[in-house]
Structure formats: C-alpha cells, structure tokens
Amino acid sequence: MSLSIRVNEKAFVNGGRKANVLQDVKLSVENGEFLTVIGPSGCGKSTLLKIIAGLDGDYDGRISMNGREIKAPGIQQGFIFQEHRLFPWMTVEQNIAADLSLKEQAIRKKVDELIETVRLKGAEKLYPRELSGGMSQRVAIARALLREPDILLLDEPFGALDAFTRKHLQDVLTEIWREKNMTMILVTHDIDESVYLANRIAVLTAKPGKIHKVIPVDLPFPRSRTSPVFQSIRQRVLKEFEQTEEFSFQEGSGI
Amino acid sequence: MSLSIRVNEKAFVNGGRKANVLQDVKLSVENGEFLTVIGPSGCGKSTLLKIIAGLDGDYDGRISMNGREIKAPGIQQGFIFQEHRLFPWMTVEQNIAADLSLKEQAIRKKVDELIETVRLKGAEKLYPRELSGGMSQRVAIARALLREPDILLLDEPFGALDAFTRKHLQDVLTEIWREKNMTMILVTHDIDESVYLANRIAVLTAKPGKIHKVIPVDLPFPRSRTSPVFQSIRQRVLKEFEQTEEFSFQEGSGI
Amino acid sequence: MRAVSSSTSAAGPKTVAKQKPTAFRRAWGKGFILPVIIILLWQLIGSLELISKTVLPAPYDILLTFRDLIASGEFFTHLGISIQRAAFGFFLGAGLGLLLGLVIGFSKIAEDYLDPSLQMLRTVPHLAVTPLFILWFGFDELSKVLLIALGAFFPVYINTFSGIRGVDSKLFDVARVLEFHWCKQVTKLILPASLPNILLGIRLSLGVSWLGLVVAELMGSSAGVGYMIMDARQFSQTDKVFVGILIFAAVGKLTDSLVRVLERKCLGWRNSYLGNHK
Amino acid sequence: MRAVSSSTSAAGPKTVAKQKPTAFRRAWGKGFILPVIIILLWQLIGSLELISKTVLPAPYDILLTFRDLIASGEFFTHLGISIQRAAFGFFLGAGLGLLLGLVIGFSKIAEDYLDPSLQMLRTVPHLAVTPLFILWFGFDELSKVLLIALGAFFPVYINTFSGIRGVDSKLFDVARVLEFHWCKQVTKLILPASLPNILLGIRLSLGVSWLGLVVAELMGSSAGVGYMIMDARQFSQTDKVFVGILIFAAVGKLTDSLVRVLERKCLGWRNSYLGNHK
Amino acid sequence: ESNGKDLKVINIGVQQSLSPLLLAKEKGWFENEFAKEGIQVKWTEFQSGPPQFEGIAAAKLDFSQVGNSPVIAGQAAGVDFKEIGLSQDGLKANGILVKKGSGIHDIKDLKGKKVAVAKGSSGFDFLYKVIDRAGLKPSDVQIIQLQPDEAAPAFDSGAIDAWSIWEPFLSLKTIKSDADILVDGEQIDRYSPGFTLVRSEFAEQHPEEVVRFLKVYDKAVKWQKTHKKEAVDAYSKIKGIDKEVVENVLNNTEPLNEPISERIIQTQQETADFQYELKAINKQIDVKEVVDNSFIKKALKGGDDE
Ligand SMILES: Nc1ncnc2c1ncn2[C@@H]1O[C@H](COP(=O)(O)OP(=O)(O)OP(=O)(O)O)[C@@H](O)[C@H]1O
Ligand SMILES: Nc1ncnc2c1ncn2[C@@H]1O[C@H](COP(=O)(O)OP(=O)(O)OP(=O)(O)O)[C@@H](O)[C@H]1O
Ligand SMILES: [Mg+2]
Ligand SMILES: [Mg+2]
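Just so you know, the protein sequences line up as chains A, B, C, D and E, in that order.
The first sequence runs 26 to 280 under my numbering.
The second sequence runs 26 to 280 under my numbering.
The third sequence runs 569 to 846 under my numbering.
The fourth sequence runs 569 to 846 under my numbering.
The fifth sequence runs 120 to 425 under my numbering.
Fair warning: there could be bad hints in the mix.
[Unchecked claim] SDA-like cross-link-like pairs, simulated, lysine to any residue; straight-line CA separation at most 20 Å:
no.	chain 1	residue 1	chain 2	residue 2
1	C	Lys676	D	Glu709
2	A	Lys232	A	Arg172
3	E	Lys233	D	Glu709
4	C	Lys752	A	Lys232
5	E	Lys420	E	Glu408
6	D	Lys738	B	Pro153
7	E	Lys356	C	Asp636
8	C	Lys738	D	Glu709
9	E	Lys146	C	Lys752
10	A	Lys150	B	Ser27
11	E	Lys233	E	Asn151
12	B	Lys96	B	Pro153
No lab work stands behind these hints, which were simulated from the structure alone.
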C-alpha cells in the first residue's frame with residue numbers, strides 16, 4: 026500500500042532542442058511517510074511533483090497509488106504550487122474555499138480555523154493583489170490543507186516566509202501529518218527544513234534530474250534543530266547535496 | 026550624500042477599512058552602504074522598497090537621494106521584485122536586456138557574462154513559462170545587475186534558490202557591491218543572509234510596520250558564517266526579531 | 569508627492585476610492601468638449617449656408633425637427649419599438665454567443681467541428697440574407713430580431729472563445745487538482761477569468777445589434793428608428809435622418825457606458841494598467 | 569499515459585511541436601463535416617423542389633451560375649475590385665484603430681477627451697451616413713474605402729484599448745524602473761501584452777470591412793462582389809446572390825484563418841488554456 | 120399560411136411612396152372589408168420593388184404594387200405572380216433633373232455628362248430611352264449608379280450633372296431646391312407604368328378576395344381623386360412632408376385602377392427586351408404571360424357579390 030513513482034524519462038523540447046529533465050527516478054513512498062526532495066535549482070523537482078499529481082502526463086513511466094495508475098489530478102492529492110496560483114478574482118477566504126461554498130457551516134468553520142492557523146486573521150476579504158508575497162503563500166497552504174488530501178504535494182511552500190512564520194507552519198504541518206496520517210512529499214531548498222520534517226530525504230542531481238541519494242532521517246518528533254544528531258544528519262545531507270553541484274565551496278562557508 | 030528615507034505614514038484602504046502599513050519609518054542610508062531589512066511576513070517590507078523606488082507615491086513623507094526628492098522610478102535605482110516579473114513574451118536573454126538591444130556588441134557581451142554569473146548558460150532562449158522558479162528569479166537578478174544602478178533594491182532575491190546557488194549569488198552580490206560601490210537595500214526573511222551581507226540590519230515590526238531596531242554589523246569581508254562573532258550577531262538579530270512577533274518560541278527551536 | 573500617486577496603479581485602492589467620484593465627473597466633462605466644438609462649427613457652417621440644408625441641415629434645424637418628433641409622439645413610438653427589437657436581438661444573439669463561446673472555448677472537439685462553420689457565417693452580409701430571413705421567418709418581428717441576433721452573436725462569441733483560450737493554464741491546473749466540477753469550472757474559473765474579454769464582446773455586440781436595426785427595419789417594417797431614417801431618406805428629409813443618426817449615437821453611447829460601469833464593478837480584482845495621467 | 573498528454577497544456581512544447589501538423593490537418597477535416605451536411609440537405613430540398621428557386625436556389629444551380637461567372641471573367645473582376653477596396657479600407661481603419669487605441673489606451677487624458685466621441689460614432693449606422701460620405705468624398709473609390717475604414721476602425725480600436733488597459737500593472741512598474749523610453753514601452757511591453765486582444769480586434773475588423781463592402785458598393789459602383797449581390801437582388805437573380813454570399817463566406821473564413829495562423833505564431837509565449845480534448 | 124380555403128390573413132405590401140393604399144390603410148378600409156370574412160389584414164412596408172418579389176416568392180406577401188422594371192425582373196426570375204391592374208401610367212412620374220443654370224437645356228446636351236440613376240429602377244429604363252431619343256449611345260454619357268437617397272446629395276453638391284429619377288424626388292427637388300426637369304415621360308411619350316400584383320397561388324385559391332381587394336382599392340383611388348385636399352393633408356401628415364410637394368407629386372402621379380391596356384403591355388415588352396439586351400435579365404420574357412385583367416374587370420363591373 027503505497028505510492029510508487031517511476032519516471033524513466035521526462036523531456037522538454039525547448040526551441041527544437043530536447044532537454045532531458047528527469048531520468049530514472051524511482052521512488053516508493055509508504056502511506057503516511059514524509060518525503061522531502063532537495064536538489065539544485067532547475068533540476069526538475071517541480072516537474073516531478075507535477076507528474077506525481079497527474080498534471081503532466083507526457084512522460085515515460087508510471088505513477089501508481091496503491092497499485093492504481095494516476096492519470097489525472099484529483100482531491101486525493103493536494104498540491105501547493107511554487108507560485109501560489111491564487112484566483113485573482115477571489116478574496117482570501119474564497120480562494121481557500123475555492124469550489125466549496127462558504128455558506129456551508131462546516132466549510133465556513135474550517136476555513137476560519139485555517140485562516141487562524143496560517144495567521145491571516147483580518148485579511149479574509151483581501152484580494153490577491155492586496156497581499157504580500159508571504160501572505161499569498163499562506164493562502165495557498167490553507168487552500169491545500171482545507172481538503173485534507175491523502176497525499177499532499179508541497180512545492181517550496183514556505184519559501185516566502187520569515188523564519189518564525191515558517192517555523193510555525195512547519196510545526197503545523199508536522200502536526201497535521203501525524204494527526205491525519207497523510208503522505209507528504211515536500212520540495213524545498215532549505216536543508217534544515219528537509220531534515221526537520223522528513224522521514225526520508227531524496228537528493229536530486231541536475232541535468233538530467235536523477236536520484237543521487239535517499240537519506241533516511243530516524244529522529245523522533247518533535248525534533249530539535251540544535252541536537253547533535255540533527256546536525257550530523259544535516260551535515261550528511263549537505264555533503265551529498267554538494268556532490269550534485271559541479272562546483273564546491275571552501276571550508277567554513279557554513280551553509 | 027546619501028539616501029534619506031522618511032515615511033510618516035503609508036496606508037492602504039482594503040474593503041473600506043484603512044490599514045496602516047508603515048509608520049514613522051526614518052532611515053538614512055549612506056552611499057555604498059549595504060542595508061538589509063527583515064521583518065515578519067506582511068509587515069510592509071515590499072511596500073517600503075516600492076516607496077523608495079518611487080513606484081508608489083501615495084504616502085505621507087519624503088524620499089530623497091543626495092537631497093533631491095525621488096518622485097519617479099528610474100535606472101539609477103534598480104529593483105528586483107519579489108515575484109520576478111519577467112516579460113512572458115521575451116526569452117531569458119531578451120528579458121535581461123529588456124529595452125536594450127542585444128545586437129549591440131557591448132550589451133550582448135554583458136548579458137552573456139551575466140547569464141554565466143547566474144548560471145543560466147543554455148537557457149538563453151527559453152521563455153519564462155519554460156523556466157523553473159529559481160531560474161526565473163535568477164533572470165530577474167541578472168536583469169537588475171545589467172544596468173549597474175546606483176542603488177539596488179532587492180526584494181527577497183534569493184528566496185527560490187537552493188542553498189548553493191544562493192551562496193554563490195550572495196557572493197556575487199557582495200563582489201559587485203564592493204567593486205561598483207553601489208548602495209544596496211535588501212529585503213530578506215533569512216537572518217543568516219542578512220548578517221552575511223549587511224553593514225546594517227533594519228528590523229521591522231508588523232501592524233503597522235515600524236523600525237524596531239537598526240543593528241550594525243561590523244565584520245570584515247569575506248565573512249565566515251561559522252565564526253563566533255557572526256553567530257553572536259545572528260543571535261542578537263534573532264532576539265530582536267523575536268520581539269517583533271506577538272508569540273515566542275521555546276529554547277532550542279534553533280532557527 | 570500626491571501628484572504622482574494616481575499614475576501609480578500600485579498606489580492601490582486608497583487613491584482609487586478617493587478619486588473615483590470626482591475623476592468620473594471630470595472625465596464626463598472632458599468627453600463633451602469635442603462634440604460641442606464640432607456642433608458649434610457645424611452650426612456655423614449651417615448658419616452661413618455654406619452647404620445646402622437638404623444635404624447637411626444645421627444642428628438647430630435638427631433640434632427643431634427633433635422637438636416636433638417628440639411633440640407628435642412619433643419619436644417615442646420609433647424609439648420604443650427599436651429598443652425592444654434591439655434588446656431582444658441582443659439578448660438572443662449575445663446569449664447564444666456566450667453559450668457557444670463557452671462550450672467551444674471549453675472543448676477542442678467542439679471547436680474543430682463548429683468553429684469553422686461559424687467563422688464562415690460571420691462574413692455573410694446581412695443585406696444579402698434578408699430574403700432568406702423573409703422566407704423562413706416572414707416579415708414579422710421574429711425575422712427582425714433574428715437578423716439583429718445574427719449580428720450580435722459574433723463579437724460575444726469570438727471574444728468569449730478567445731477569453732477562455734487566454735486563461736492562464738496554471739489556474740486550470742489548480743482547478744484540476746481541486747477537482748472542480750465542470751460547472752464550478754465555468755462559474756469560478758472560466759467566467760471570471762474571461763470576463764474582461766466577454767464584456768468587450770458585449771460592448772461590441774451592443775453596438776452591432778443597435779446598428780443591425782437599420783437593415784432589419786428595412787425589412788417590411790413601419791416603425792422604428794431605422795425605419796424612420798430610411799423612410800426620411802426616401803423623401804429627402806435630411807433633418808429627420810440626422811435626428812435618427814443622433815438617436816443612434818446617443819443610445820449607443822449610453823448602453824456602452826452602462827457596460828463600462830459594469831466593467832468597473834466586476835473587474836475590481838484586476839491589477840491592470842489605468843493609463844498614463846500625464 | 570500519452571492519451572492525457574495533450575489535454576495538459578503544462579505538458580509543454582514537446583507535445584505541441586509533435587502534434588501540430590497532424591492535429592491541424594485533422595481539425596481541418598472536422599471543420600468541413602457540418603458545412604457538407606448542410607449543403608447535402610440543401611441540395612435535397614432543392615432537388616425535391618420544396619422551395620421556390622427564386623428564394624433558395626439549390627447548391628447545384630448556384631454552382632452552375634458560379635461556373636458561368638468564372639467563365640465570363642465577371643467573377644474575378646468583382647472579386648478583385650472588392651478585395652482591393654476591403655483591403656484599403658481595412659488597413660486604413662484598422663491602422664487608425666490600432667494607433668488611436670494605443671494612444672488613448674496609453675493616456676488617460678486622451679481617453680477622457682476622445683473616447684466618448686468615438687463611442688458615439690461607433691453606433692452611427694453606415695447606411696445612414698452614406699449621403700454624407702458622397703457629399704464629402706464623392707462617389708469614387710475614396711468614399712467607399714472610407715466607409716469600410718469607418719467600420720473596420722472600431723473593433724481594433726476597442727480591443728486595442730482594452731488590451732492595453734488589461735496589461736498587468738506590475739509589468740508597467742518594471743518598465744518604469746528600467747526607464748523604458750515610451751517607444752520601447754509600446755514595442756516591448758504594450759504591443760506584445762495586448763497582442764491577443766489586438767489580433768482579436770483585427771479578426772473582427774476584417775469581418776466588418778468585408779461586410780462593409782455591401783453598403784459601400786451600393787454607392788455608385790459598377791463592380792465588386794457587394795455590387796454584384798445587390799444588383800442581382802435588384803433583378804431577383806437569387807442564384808447570383810448566393811454565389812456572392814458564398815464568396816463572402818469563403819473569403820471571410822480565409823482571411824480569418826490567416827490571422828489565426830498569425831495568432832499561433834505570435835502568441836507562442838503564452839501559457840494558456842488550449843481547450844479540453846475530451 | 121394562406122394555402123387551402125381557410126384564409127385567415129392577407130398580406131399587403133406597400134411601398135414607401137404616396138399611394139392610395141396608404142390612404143386606405145390609414146382609414147382601415149381593407150380591414151373593415153375583409154373583417155366581414157373573418158380575414159385579417161397585415162401590412163408590410165417596403166423601400167423598393169425587389170424585396171416584394173422576395174416576399175411573394177416566399178409566400179409571405181399576397182398583394183403589392185410595383186413599378187415596371189422590378190416587375191420585369193421578377194418575371195424573369197420566375198416569381199409566380201399576376202399583374203391584376205394598372206395602378207399608374209407613370210407618364211409624368213419619371214424625369215431627368217438638372218440644376219438650374221447647369222447649361223443643359225436639351226437632352227442632346229447630356230452628352231459627356233454625369234448622370235445618376237439607380238440600376239434596375241424605372242429611372243434606369245427611362246434614361247436609356249431618353250438617350251436613345253437624343254440620338255446618343257449609352258456610352259456617350261457617364262452613367263453613375265446611385266440609389267436615390269445617395270444621388271440627392273451628389274446632385275445638390277454638383278458632383279453629378281443630371282439625375283434620372285422619379286416622384287417624389289422630382290417635386291422635392293424642383294420645389295425645394297433649384298432644379299429643373301429637363302425631360303419627363305410625357306415629353307417623350309414614355310410610360311413608366313405601375314402595377315397591382317397578386318401572388319398567383321393566392322389568386323387561384325381565393326379569386327373572390329382578389330376582386331374584393333381591387334374594389335377597396337378602387338374606393339381609395341376614387342376618394343383621392345374626389346377629395347384632393349383631404350388626400351394632400353393625409354399624405355402630408357403620414358409622411359411628414361410639405362403639402363406643396365405632396366400636391367405636386369399627386370398631380371404628377373395620378374393613381375389609376377384599370378385594366379392593363381395593349382399599349383402598356385407593348386411598352387413593357389419593349390422595356391423587357393431592352394433589359395435583356397443589356398443583360399440585366401438573363402432570359403427573354405413575354406410580359407403578356409403575367410397579365411390577368413379578369414379580376415379588375417370583375418371588380419369594376421361591380422355588383423356581382425353585393
Ligand atoms: N513547460 C516547460 N517547458 C520547457 N521546459 C520546462 C518547462 N517546465 C520546466 N522546464 C525545464 O525543466 C527544468 C526543471 O524545471 P523545474 O521547474 O522542475 O525545476 P525545479 O527543480 O523545480 O527548480 P526550482 O528549484 O528552481 O523551482 C528546467 O530546466 C526548466 O527549464
Ligand atoms: N496593493 C495593496 N492594496 C492593499 N493592501 C496592500 C497592497 N499591497 C500590500 N498591501 C498590504 O500591505 C501589507 C504589507 O505588504 P508588503 O507586501 O509590503 O509585505 P512584506 O513585508 O513584503 O511581506 P512578505 O514578507 O510576505 O513579502 C500587507 O498587509 C498587505 O496586505
Ligand atoms: Mg520548482
Ligand atoms: Mg514582500
């Protein structure tokens with residue numbers, strides 16, 4: 026019972042030239058697992074998430090969920106897009122509810138709770154053009170959480186948030202994940218975040234995107250970022266990541 | 026000889042309700058200084074940058090550059106927007122050149138160099154819709170750098186980049202800053218970044234955005250993130266930042 | 569500082585909210601300047617009798633004729649009937665245009681089968697097909713309304729279609745992920761996203777329906793502004809023709825303004841360019 | 569898997585590039601199905617003589633007339649002259665529409681002063697102003713071309729204007745920061761951004777110019793497709809009228825298809841909805 | 120809708136000109152008469168002749184009155200109708216207008232001049248006759264195709280030298296502006312007749328209604344003749360034009376309601392042949408085929424059903 030990902034090849038044709046973006050990406054994600062994906066910018070993380078969500082069917086391979094192939098997107102998979110993608114003609118609360126009716130008591134209540142959770146109290150009636158970058162991102166998070174999907178795919182969901190809001194929402198996410206036993210696949214460029222949240226970390230290489238390493242994180246929750254085990258895993262991930270880039274850094278760069 | 030910022034009040038009317046976004050923000054930035062601005066999401070950082078750039082004139086106050094009031098934007102101020110804002114009908118290289126002609130030898134050469142610098146070699150002919158989030162952001166950075174403005178305003182320019190690309194571009198930025206003696210104002214949500222780059226760090230509070238503290242960073246370049254001085258300044262910034270939020274964290278959260 | 573403010577759309581709703589009423593009124597005033605100048609010049613030409621009255625009657629004469637038409641009640645009969653016809657024709661045509669635009673915009677298959685035929689129909693001249701309309705629908709209101717509807721159909725259809733095909737596919741992906749029911753997809757995604765284009769189509773359609781009256785009322789009618797014009801032309805009553813033309817212009821502008829008010833109301837969420845104030 | 573691919577616009581250029589030629593050809597075929605069915609039914613009605621030939625001649629008769637017209641060379645004379653007039657009128661009207669649309673879209677002040685007058689002009693019926701055109705411009709080519717231009721002006725004007733006003737103001741901010749010269753602002757920002765709307769306006773204008781022929785060629789001409797139709801109507805030669813109608817439809821569709829090819833070429837950068845394939 | 124015996128509605132077409140039909144319409148005579156049979160009357164106004172043939176062909180029109188040229192075109196196109204009466208001889212209804220002081224005093228002076236005319240109208244036919252009478256060839260004058268309402272400004276502004284046109288424009292221009300009639304039908308003895316038409320199928324199915332129609336029309340014609348002043352008033356009011364003009368028009372276009380004479384038929388045949396020669400119509404026709412004087416004779420004899 027799990028999500029099985031097999032992408033033999035995914036290519037885009039850009040200006041006549043074919044560019045392989047993903048190659049031989051094989052992953053199996055257990056139900057209730059938290060997988061984070063890291064990799065250099067442009068290596069194909071977003072593309073991979075879209076394929077898993079069934080949004081992009083033009084690849085060679087097979088994604089299946091509990092044995093059934095995923096061919097089209099649906100509410101069983103939630104998706105937080107990298108660029109928020111709010112509906113500009115809807116207010117914050119309408120965006121969170123999206124196709125659901127705010128007149129329904131249950132929805133209304135859940136939406137209000139979520140607005141509280143993502144700290145957007147007072148901004149319910151604002152339109153996307155009146156939101157700051159971080160606020161838009163939080164709306165997108167709330168929209169995905171409202172539907173309580175079986176699998177939640179998150180594409181750099183906290184990229185535009187300050188340290189504290191980010192920490193808060195990471196904790197919220199962990200809580201929801203443990204409570205509802207969701208499967209989560211989170212793309213991030215923050216190594217700390219990947220270690221803080223994941224059961225396993227998949228490190229991708231670039232050009233084409235291949236799985237360089239899958240690193241298990243066997244730490245109990247809640248995790249402390251300052252604990253030595255955490256730091257050692259972090260170092261390991263950093264080292265693996267470093268190998269995916271063509272260039273290296275001097276000692277003490279301290280990332 | 027400096028940039029003087031005075032925003033007595035900046036408010037938006039959202040759905041009939043007036044919301045104060047900035048209040049009593051007074052700052053003086055020396056020529057060649059590197060100022061970073063941090064603050065909680067939605068506190069008004071982007072709004073402040075837009076006011077400084079002359080993009081938003083509807084506020085009470087005065088921005089002046091070497092004594093002359095800034096009323097409209099211009100090339101003497103460069104701006105890297107939080108949401109990239111690429112022209113969708115232009116390729117990467119056209120976006121970087123924007124209104125300048127790529128047929129001119131000098132421009133062509135500089136654009137090619139910048140593409141190398143932001144690591145977009147091979148993506149010159151791609152359209153924005155074919156770019157990953159991080160790639161778009163790098164295009165926006167290159168576009169601003171091409172013009173070598175006197176003041177560069179950067180709104181979370183590295184938000185969508187992985188740790189290594191980010192580090193690389195931070196160093197690029199520092200280099201350019203020192204070489205060309207530009208004035209830089211950088212908004213970020215990454216405290217590490219703010220300490221790594223700045224001469225001074227302005228910490229904003231939320232609702233309304235006021236200047237909570239301005240913290241000087243008296244460290245020589247290049248800086249090492251692992252050095253104890255660095256860490257102590259980082260801790261100080263973190264503490265000041267923490268005070269701007271209404272909630273606090275347990276020890277060892279380790280942000 | 570404030571001087572610049574309104575040129576900055578990013579200045580946000582504060583400016584907009586504050587300036588709306590006055591800005592609106594001021595804009596109205598400005599709009600009248602050009603027509604007034606033209607009318608004055610025209611009256612001058614008329615008063616100096618530079619041009620024969622039968623060809624170009626002076627504004628004052630037109631006004632007198634207009635007064636007579638109002639006094640005799642003839643004016644309101646014509647106007648009433650014409651508005652009714654144009655309204656029916658518009659709602660029928662634009663309604664169908666919206667519907668087909670949505671369906672065909674939504675489905676590539678429907679496009680392949682239907683759009684080419686519709687595009688061919690688009691350039692079939694009204695004046696040439698009136699015989700067919702007479703054959704099929706007689707000389708009654710029906711054929712007039714249908715003829716108007718035929719014209720009103722296309723701008724809404726094409727604009728709706730293009731509006732839908734211009735919707736950012738990224739938002740469609742969101743709708744797919746959230747598994748929007750197709751009717752939610754229409755009401756919550758397609759309609760709002762293509763609203764700017766649809767409203768544009770409606771504006772053009774309104775104009776076309778109104779203009780369609782002239783041809784439609786050529787077809788065996790005995791009242792209506794279009795009829796009035798053509799009848800007056802038959803008897804070289806140029807002043808009456810001009811009254812008709814002015815009614816056309818006035819009603820056209822009026823309805824157009826209504827749609828634009830609607831536009832302002834419905835498209836408040838847009839963050840778009842408002843024009844340079846300098 | 570591949571089955572779904574083309575419904576995903578995010579599937580990217582690979583799919584598009586691969587499927588274009590065949591998809592295009594397939595779409596063409598589909599477009600013909602409906603017209604062919606209609607023509608067959610029509611021929612059936614004609615052959616069974618259900619309707620008088622004067623009202624609705626059968627396709628075969630129309631074909632014969634068409635052949636005769638081609639044989640006598642009359643056809644090409646009419647078509648040539650009409651195309652020339654329509655083309656001149658279109659370029660004049662659409663060109664001006666584009667220009668004014670740009671200027672007025674760009675400047676709020678120009679809008680306040682000019683737009684209301686233009687909107688009033690929009691609903692002035694062609695048939696009613698022909699006498700004025702004759703008075704001012706005689707009954708030569710000039711007045712015909714101008715009449716066509718008058719019609720062609722508005723769709724392009726309105727669409728260009730709205731296109732500009734629909735441009736995301738965030739991109740304008742970028743242009744302001746980069747201090748685009750105004751002509752760069754037009755060529756690098758406004759034109760590309762409003763191109764979808766402008767092309768739409770051009771499509772509508774092409775149709776209108778083409779239709780305008782009918783009224784324009786009523787005006788003292790002795791050749792042209794519009795003339796041919798109205799002349800044939802005068803003599804109840806319905807088959808000839810239908811030849812004219814078919815020419816109108818065919819040329820209209822053809823020019824429209826050309827613009828759409830252009831659309832596909834110029835708007836490749838857009839990431840927009842392509843329609844549901846199911 | 121009017122097939123079979125159960126006739127519910129008759130459709131009468133009326134051109135936008137001054138015809139006794141308008142008077143009868145105004146006074147409701149047809150309505151009163153046909154109401155006796157439980158038949159409704161529906162009026163449809165037309166700008167010109169051709170659409171009326173479209174109406175007849177489509178069986179949406181039962182009666183109408185049309186001028187000579189469109190009738191020939193209609194017949195050539197195979198529209199199924201009958202001429203059931205002469206409504207006008209049109210001797211003075213057509214003419215060629217020139218501006219006062221234009222220097223054109225004789226029809227021979229038309230040589231090389233710009234003459235406006237609407238193709239397919241009675242003025243068209245008339246113009247060719249005049250040219251012929253002047254001993255000119257059609258290529259000797261510049262014939263400009265203009266609809267009446269477009270020719271009017273062209274004429275006023277001097278863009279054309281002469282204008283072959285009919286009433287009410289003749290009266291309008293001579294009275295309201297400085298125009299002269301160079302020649303009219305009477306001077307060259309040229310009829311431009313107008314006819315009362317019926318749709319053939321209608322006539323076959325309801326011959327008695329056709330007679331009834333002609334009777335009512337006759338009443339209107341007679342009324343106009345005997346109540347000249349009232350008629351002028353009525354037209355002037357309906358159409359909103361000057362009484363002076365109306366009176367002049369009425370003087371020039373005496374309404375008739377009589378059988379179609381051999382003389383008229385002959386004129387028509389000439390016109391038809393001429394149009395065929397010009398290729399305006401594409402087959403030779405015998406205009407006699409559409410003449411049916413039986414109804415008008417019955418109607419004028421009177422008293423066969425009262
Ligand atoms: N629609 C598309 N058409 C063509 N190429 C594309 C398209 N989308 C993505 N690509 C290419 O695929 C590669 C991977 O893109 P993707 O968005 O998956 O990167 P990413 O790993 O999410 O990067 P980032 O961390 O910067 O968001 C990039 O090189 C990009 O140029
Ligand atoms: N155009 C606007 N209209 C109305 N309100 C606005 C507008 N732009 C910004 N705001 C409001 O102003 C506040 C500050 O926004 P701003 O974008 O400056 O925040 P920020 O500090 O950049 O946040 P982030 O870190 O999330 O980007 C927010 O509460 C937002 O709702
Ligand atoms: Mg990405
Ligand atoms: Mg911001």
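Next item on the list: Identify every previously stated hint that the structure contradicts and give their numbers, smallest first.
Entry: 1, 2, 4, 5, 8, 9, 10, 11 and 12
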